[in-house]
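Trainee: As a plain string of letters, each chain reads:
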Amino acid sequence: MKRVVITGVGLVTPIGAGRQNFWKALLGGRSGIGPVTSFDTSPFPVHIGAEVKDFVPEQHVRRQSPGALGRASQLAVAAARMAIGDSGADLNLYNRRRVGVSMGTTSGEPLFVERYNDIRKAEGLEAIQGEMVQKYPCNVIPSHLAIEFELRGPCLMIPTACAAGNYAIGFGYDLIRTGRADLMLAGGADAFSRITYMGFARLGAIAKERCQPFDKNRQGMVPGEGSAILVLEPLDAALARGATIYAEVLGYGLSCDAHHMTAAHPQGDGAVRAMAMAVKESGVSLEDINYISAHGTGTPTNDRAESIAMKALFGERAARVPMSSIKSMLGHTMGAASAIEAVACALALKTGMIPPTINYEEPDPECDLDYVPNCARETHPRVVLNNAYAFGGNNASLCLARYDAN
Amino acid sequence: MSERIVITGAGVISPLGAGIEEFERGLYAGLSGVRPSTLFGEQTITAEVPDFKPQQWLGNKGIRMLDRSARLLCVAAYMALSGSDLLHAEGTEGDPGLGMVCGTMFGGLHSITSFDWSGLEDGPNYVNPMEFPNTVINSPAGQAAIRYKLRGINSTVCAALTSGLYAMNCAAEFLRFGRARILLAGGVDELCEESVLGFRKSGAISPSGCPRPFSKDRDGAVLGEGAAMLVVESAETAAARGAKPLVEVSGFGCAHDAESITSFRLRAEGATAAIEDALETAGIAPDRIGCIVSSASGSRAGDEMEARALQNIFKDRLSQIPVCAPKAALGETMGASGALAALVGVLALGKQSAPPTSGFTGSETTLRLAASPQPFEGEYALVNAFGCDGNNASLVLRKWSE
Amino acid sequence: MANQQWTADSIRSEVKKLVAEITEREPEEVSDTANFIEELGIDSLMAIEMLVAVDKKYKIEITEEEFGKIKNVNDAVELVQQHLAAAASKAN
Chain A
-1 MKRVVITGVG
9 LVTPIGAGRQ
19 NFWKALLGGR
29 SGIGPVTSFD
39 TSPFPVHIGA
49 EVKDFVPEQH
59 VRRQSPGALG
69 RASQLAVAAA
79 RMAIGDSGAD
89 LNLYNRRRVG
99 VSMGTTSGEP
109 LFVERYNDIR
119 KAEGLEAIQG
129 EMVQKYPCNV
139 IPSHLAIEFE
149 LRGPCLMIPT
159 ACAAGNYAIG
169 FGYDLIRTGR
179 ADLMLAGGAD
189 AFSRITYMGF
199 ARLGAIAKER
209 CQPFDKNRQG
219 MVPGEGSAIL
229 VLEPLDAALA
239 RGATIYAEVL
249 GYGLSCDAHH
259 MTAAHPQGDG
269 AVRAMAMAVK
279 ESGVSLEDIN
289 YISAHGTGTP
299 TNDRAESIAM
309 KALFGERAAR
319 VPMSSIKSML
329 GHTMGAASAI
339 EAVACALALK
349 TGMIPPTINY
359 EEPDPECDLD
369 YVPNCARETH
379 PRVVLNNAYA
389 FGGNNASLCL
399 ARYDAN
Chain B
63 MSERIVITGA
73 GVISPLGAGI
83 EEFERGLYAG
93 LSGVRPSTLF
103 GEQTITAEVP
113 DFKPQQWLGN
123 KGIRMLDRSA
133 RLLCVAAYMA
143 LSGSDLLHAE
153 GTEGDPGLGM
163 VCGTMFGGLH
173 SITSFDWSGL
183 EDGPNYVNPM
193 EFPNTVINSP
203 AGQAAIRYKL
213 RGINSTVCAA
223 LTSGLYAMNC
233 AAEFLRFGRA
243 RILLAGGVDE
253 LCEESVLGFR
263 KSGAISPSGC
273 PRPFSKDRDG
283 AVLGEGAAML
293 VVESAETAAA
303 RGAKPLVEVS
313 GFGCAHDAES
323 ITSFRLRAEG
333 ATAAIEDALE
343 TAGIAPDRIG
353 CIVSSASGSR
363 AGDEMEARAL
373 QNIFKDRLSQ
383 IPVCAPKAAL
393 GETMGASGAL
403 AALVGVLALG
413 KQSAPPTSGF
423 TGSETTLRLA
433 ASPQPFEGEY
443 ALVNAFGCDG
453 NNASLVLRKW
463 SE
Chain C
9 MANQQWTADS
19 IRSEVKKLVA
29 EITEREPEEV
39 SDTANFIEEL
49 GIDSLMAIEM
59 LVAVDKKYKI
69 EITEEEFGKI
79 KNVNDAVELV
89 QQHLAAAASK
99 AN
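Chains as they are written, first to last, in this note's numbering: chain A, -1 to 404; chain B, 63 to 464; chain C, 9 to 100.
The following block holds chain A by itself, in its conformation from the complex (with noise of 0.2 Å):
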């Protein structure tokens, strides 16, 4: 079995694209949350969202007619060629048979939907093409980064919506540990979309001002849209090559509420198997974890059963674990967030600082952890946890630890 190391980060998101534009408006605490404007958001009660600004297609897709690609396939390759870039890996050097691609998502391509319903309104069902039932399915994302850098391995979409990244990251993890591919691309991508936006909108979900996760006065989420990839590899081919490592992947966790379809297990059952399944598979103990990515949707529900589920596995020690949400400033990017989440917690391996929870202003006695507070921390994290919970009860927990050269 092979240990599994991060190589290269790349991200669009909507505080900045790119590893270095990204850590630094993280660690800033810079929101990304504003305005909605990619569509009329008149008819709802809520008009704010996380989207990502001045994104030119024809700047990051070259193999491919960009025009040709969905927003969230094109959001991915972006990220993908940063990811690539950043890893200094040269692909020329690679078996393409064992160079693969694992994504996840919450929607996958929705704007082919909103086409044909917008086409279907406009001129009735006679004028509607092969398009949606070509383009929406989601297993196109990944294919599109498979056409774009000619890699020729797995290729799998893991659409388990809002954890789907440490889904696919686990996937890509289980790839090279077992020897099957030599590196892969693994994340998630997803676009911001009307029909996400209602949704979650008439669930009466979404805060109207900020997103404040764990903060008593907390009114709920913020749609968000982006993409993050990260490249892993075999430890031993990534030393060979002298790449630079942001951290090991140890393990990961997954389990299911089947309690309901939107709403968390109030003890968080769920989440409390997952983190110990990672923990476990990771062949650490829970006192080695000393910093958490939390699902932090910024939901008085959500929030209150992931504090709960904390303290249920971690005991009287929960409230000495940092636990820091960084919806708080990307908004909640879905399939694409727990990606994001995941490079947040390599480059807090790497660099020893921890990214906050901004907004938070009175804590809230059924939440009453460390959620790092409004400022980035110097704590230099050797064990970390980075959990997502998504629709349908899915539980994801992803364990990544500091890579020492000894």
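One or more hints might be untrue.
To be verified - Computed footprint of chain B on chain A, listed as stretches where at least three residues anywhere in the stretch have a Cβ under 8 Å from a Cβ of chain B: (1) 24 to 32; (2) 122 to 134; (3) 150 to 159.
What the hints assert, rightly or not - Straight-line Cα separation of at most 27 Å, BS3-like style, residue types lysine-lysine; simulated pairs: (4) A/Lys206 x C/Lys77; (5) A/Lys119 x C/Lys67; (6) C/Lys25 x A/Lys206.
Said to hold, decoys possible - Non-contacting residues of chain B with respect to chain C, defined by C-beta distances greater than 12 Å in every case (computed): (7) Ala91; (8) Asn122; (9) Arg350; (10) Ala432.
Calculated directly from the structure, the hints in this document are not laboratory data. All C-beta atoms in this analysis are idealised placements derived from N, C-alpha and C, irrespective of residue type, glycine included.
We have chain A; now place chains B and C onto it with these hints.
Mentor: Showing chains B and C alone in chain A's frame:
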């Protein structure tokens, strides 16, 4: 990691009927599920699940908010669980070691399209929030997990037409890693007005309404729907609970053609590599394959690609190996197709007989298809799933022996 | 718009039909006074579904707050009638 992974049971709801017995009977009698549609008007030829009444298996409660994909999946899951003595008792917590890996291409395409449509037609204030969960692609698997208290791994995978085989492999790997005790693995996809209209306009559908895999005069595929869930566990777990293995999951291969998301790669490099990979991981040479369950659907390009890949692998021996093309009877069931094909492989190995390819008239192909069952003596079956989005996957199943 | 005269009886029967559908029962099993949450098992999402269906049918706009206060079929019928009356008087 040298665990032997086995399939011990299955549930299936398909154009050929419900449950393994009915499915097997129809398949081996050469029946076809392709007929004029009752859902979309008889001018449209599809392979629907006929007269689908989920209440038969699911009871009357709690199915109202399940969309068609979720209903199909829950029925298949129900059959698999009850047939394997794995249904949780009423009022109990459910098994944290029992989970599901579900392949799908669209999730519930009708659900997401109509959710958006209702926003346009009625305005967002009159949109029912209960319908939002059905718009996410992992919702069928999530609904099945709630219904049957599947508290272990719950994953949905999407690799277009190869989704079902990827799901089988992901499940096998999860088990090898010790992350689950027992998993349901397979796939689902529904027929809906959106997919029927869209595929017809994209030119993939047979104008004659007759899928003729590998035949010289084939003119396209016919859309189908269904769900299959196979019960997958380690040989050790099966033995401990007295479950009899049917086959072993012996090898898996996958490869991407990296050229286009809408056309088959006629040079078949990816399809060939997928088969090679599957044989290699099974640790066998091509001459050990006793029968082939093909992915051919009647697609002009797709079938040509598969024929070339098979030729590349099996060379002179190809004309001697029984081949079947279940999509002739089942139509193109998309995310379910790989799982249905794997089930066909399980049945073929058990009976030591490849099922007929429904409607096969012998029209010029060098492959050994037949209109009646073809007996063979062989330990291994090759199951293929190849897509026009560049994804290719193959599974090798081995008849179980201690 | 608000020209149709909805009788109390027709509203009652419609509400019962809706509750029956949402809770997967027969309409006859839904009494005028059975408590929505405790006896009929209506959760928050089902409540929003009811609200949406009622608003759509009668072309009124009941707020979630108002809707949260109703406990049974009787309350629901009264609330719908109030909104219809208000809409009618606005139209006059």
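Trainee: Can you list which hints this structure breaks, lowest number first?
Mentor: Of the numbered hints given earlier, those the structure breaks are 1, 6 and 8, listed in rising order.
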